[in-house]
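J.: One letter stands for each residue in the lines below.
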Amino acid sequence: MTEPTLMMGAVAYAPKVVTIWEGFKAFFAQHGLAFDYVLYSNYERQVEAQFDGSIHLAWNSPLAWVRADRIARAKGQSVQAVAMRDTDCDLHSVIVVRADSRLQTVADLRGKTLGSGAIDSPQATLIPLGHLREQGLVAERDFKLRRFDLLGGKHGDHIGGERAAAVALMAGEVDACCLIDGNHLAFGLDGTLPSGSTRVIARTGAYDHCNFTTSPGAPADLIDRFVSLLMAMRWDDPQVRPLLELEGLREWRRGRTSGYALLERAVDDENFYSRDGAILNPDYRY
Amino acid sequence: MAPSSTPTIDIEALGLDQGALLLIRRALAERPVGGELRVRGRSPDWEMHLEAWCRSQGHPLRFETAESGLAQARITRGPHAEGRWRDAQATGTALGDINGTPADDAEAGWGLAARGATVEAGSPDFFFALHRRHELWAATAGELYRQAAAAQWDPSTAIDWEAEFTLPPPIEAAVVQVMTYLIENENAALLVPARHLGQIHPHYREVLQLLALQCADEARHVEVFTRRATLRGHEPALSTAGGQASLRTLFDAPDFSVATFLLAVLGEGSFVNLLNFLQANAPDPVTRQIARLTARDEARHVAFGMAHLEYRLSVQPDYQARLRNAIEVRYDALASTAGLNEEVFDALVLLAAGELSPGAVARGHAAVQQLQRDMAAGRRARLARLGFDRDEAERLSALHTRNFM
Chain A
4 MTEPTLMMGA VAYAPKVVTI WEGFKAFFAQ HGLAFDYVLY SNYERQVEAQ FDGSIHLAWN
64 SPLAWVRADR IARAKGQSVQ AVAMRDTDCD LHSVIVVRAD SRLQTVADLR GKTLGSGAID
124 SPQATLIPLG HLREQGLVAE RDFKLRRFDL LGGKHGDHIG GERAAAVALM AGEVDACCLI
184 DGNHLAFGLD GTLPSGSTRV IARTGAYDHC NFTTSPGAPA DLIDRFVSLL MAMRWDDPQV
244 RPLLELEGLR EWRRGRTSGY ALLERAVDDE NFYSRDGAIL NPDYRY
Chain B
7 MAPSSTPTID IEALGLDQGA LLLIRRALAE RPVGGELRVR GRSPDWEMHL EAWCRSQGHP
67 LRFETAESGL AQARITRGPH AEGRWRDAQA TGTALGDING TPADDAEAGW GLAARGATVE
127 AGSPDFFFAL HRRHELWAAT AGELYRQAAA AQWDPSTAID WEAEFTLPPP IEAAVVQVMT
187 YLIENENAAL LVPARHLGQI HPHYREVLQL LALQCADEAR HVEVFTRRAT LRGHEPALST
247 AGGQASLRTL FDAPDFSVAT FLLAVLGEGS FVNLLNFLQA NAPDPVTRQI ARLTARDEAR
307 HVAFGMAHLE YRLSVQPDYQ ARLRNAIEVR YDALASTAGL NEEVFDALVL LAAGELSPGA
367 VARGHAAVQQ LQRDMAAGRR ARLARLGFDR DEAERLSALH TRNFM
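Quick note, the sequences are listed as chains A and B, same order. To convert, take the position in the first sequence, counting from 1, and add 3; that gives this note's numbering. To convert, take the position in the second sequence, counting from 1, and add 6; that gives this note's numbering.
If we strip away everything but chain A, and leave its shape as in the complex, we get (with noise of 0.2 Å):
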């Protein structure tokens, strides 16, 4: 009888998801867990897809993870956050603007351009357009958005769309842009912001960003299993620290799911999914 194989998903945002997954495979091998993994080129079919007994679980982004609680509970079934990276947690956007704007609160961004990155960009579209909303400031009445729409169904995992953003932003195109807070100190590192050349007007609330989702009636042993050596990395080990550099953490975490209520309102306010997990937005391209 052949070993039960612990299936996952992951979107291929970049090609270094090969290689981190090809590292994964390795590790959990050698740890007595039969793993494999399958790329999806987006967030959209690799949630459906844990809905149709093709994966086990997925890698999945915030907002991957408001839809697959959605469409989980819809059907009366549900779905768990089991683990995520030290780095998903408490994150944090910002809206800037140049140094030199006359713009000093987000109420003086009325009338103005807004730069966002993608359209199903978590941390640099719904989040802080959630946040502009909060304050009484609504996309299209209240300001003009500018999406710096790249690679749809990536959910911003691409920072392609922050940096374009960004330089709009230096190049006078839009007067304000979103970002997370750790690209704007990239950004200036790297001089695409260069030191001292914007000025943050506003900061959302802490928010927590991708998860590993079960799908639903996913075999318990194999998922306990999984997480208990995702637990055992260690960034000691020079096998899979590079894995874990290219993924962005130091160590995994179990999963929580409270850092998650900005971005659920901000995809009922933005009408992104419907509470069922339909995809509403007409622009949205995948």
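No wet-lab data here; the hints were simulated from the structure. Check the hints yourself; a few may be wrong.
Only part of the chain A face toward chain B is listed, based on derived beta-carbon distances under 10 Å [said to hold, decoys possible]:
1) Cys92
2) Ile183
3) Glu254
4) Gly258
To give a feel for the contact side, a few chain A residues facing chain B, derived at Cβ under 10 Å [what the hints assert, rightly or not]:
5) Asp89
6) Ala102
7) Asp184
8) Leu188
9) Gly191
10) Leu192
11) Pro197
12) Gly199
13) Thr201
14) Asp239
15) Leu252
Covered stretches of chain B (chain A as the covering partner; in silico rule of three or more C-beta atoms under 8 Å from a C-beta of chain A) [stated by the list, open to error]:
16) 73-86
17) 99-107
We put the CB at the ideal spot given by N, CA and C, even for glycine.
Take the given structure of chain A and dock chain B to it, following the hints.
T.: For chain B alone, coordinates are given in the frame of chain A:
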């Protein structure tokens, strides 16, 4: 009030994207894992950037209010930065041991790192075929490298290309033929070490550097021989199958030491005699200058070849049998070929003769015969230095290719 035991750094108005990260990283490196560092600052985004950076590096962080009323950060040093250097590999010392000798065996995982550097565990393996010291080392490699670096010359200025001379057409043709022969031999002398150069573990820095300069020497030689061949508007002359077959066997040598033995000790050693012959007998000043400069380089190549084989034989005396074998195998491989082509032999005679009269040709012929005796004597002397007894050295020297190289 008791002084706080938590060190504090003040990054003042310096942003994390303006260099403050360097100050924070250095201060944090002074703390033990789990130890705290307090950071104060006043640049506009320092708190937000510090939070993002600490999250990415796995350092717990909290903010508190200082007595001054300003915010200050408390970073707890996470365990990860240290983990990178656990089980790191030591790679010897930059200058080698007390005798200047590098490691016996350079590991694949040391990769391209500087000798003496600390290499992170998990660095990729580089598979350099030549990674054992006895297979490539020479005690004088460092000194020979320094000599070679100091002795590089510029072909455009070291030789007086404008020097006045006129040669009778048959003599100029003889010069062109000899240059043609030299070029193909120097192509071999460039490419054979170059093929091994790419296989040498860079831990053996001095050998790598020396061979790189040796290749540069040969590149210059190809240039100056080509320039002399074409100086009077001629194209290079004839290249024979036998000559190329002889050089081809150098490419087939089974390892670096055998290739060095055949090429440097026997071939280039003979070439030093040939170039000295040209320096003494060439009919024009340009050829004589070229011969003088190239002979000096070739002598250094021979010195390295000898030093390497002396080192190898000192740690592996039975390797001598491999050297003997290599000469015999090469002799057998070339037994059915013509050896030195008649055109080259005649050209050398003509060069030394300077004209076509019987008396001059007799002098030229005698000079070339003397050259061949000098070459054989040189080979015998070098073989004797490598531990071959007199009869054996005599026998093996006689088996050397008639193509000289």
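J.: Give a verdict on every hint.
T.: Now for the hints, and whether the structure bears them out:
no.: 1; hint: Cys92; in the structure: 8 Å, holds
no.: 2; hint: Ile183; in the structure: 8 Å, holds
no.: 3; hint: Glu254; in the structure: 7 Å, holds
no.: 4; hint: Gly258; in the structure: 17 Å, violated
no.: 5; hint: Asp89; in the structure: 6 Å, holds
no.: 6; hint: Ala102; in the structure: 9 Å, holds
no.: 7; hint: Asp184; in the structure: 4 Å, holds
no.: 8; hint: Leu188; in the structure: 4 Å, holds
no.: 9; hint: Gly191; in the structure: 3 Å, holds
no.: 10; hint: Leu192; in the structure: 5 Å, holds
no.: 11; hint: Pro197; in the structure: 9 Å, holds
no.: 12; hint: Gly199; in the structure: 7 Å, holds
no.: 13; hint: Thr201; in the structure: 9 Å, holds
no.: 14; hint: Asp239; in the structure: 4 Å, holds
no.: 15; hint: Leu252; in the structure: 8 Å, holds
no.: 16; hint: 73-86; in the structure: holds (count 3)
no.: 17; hint: 99-107; in the structure: violated (count 0)
The structure shown violates the earlier hints numbered 4 and 17.
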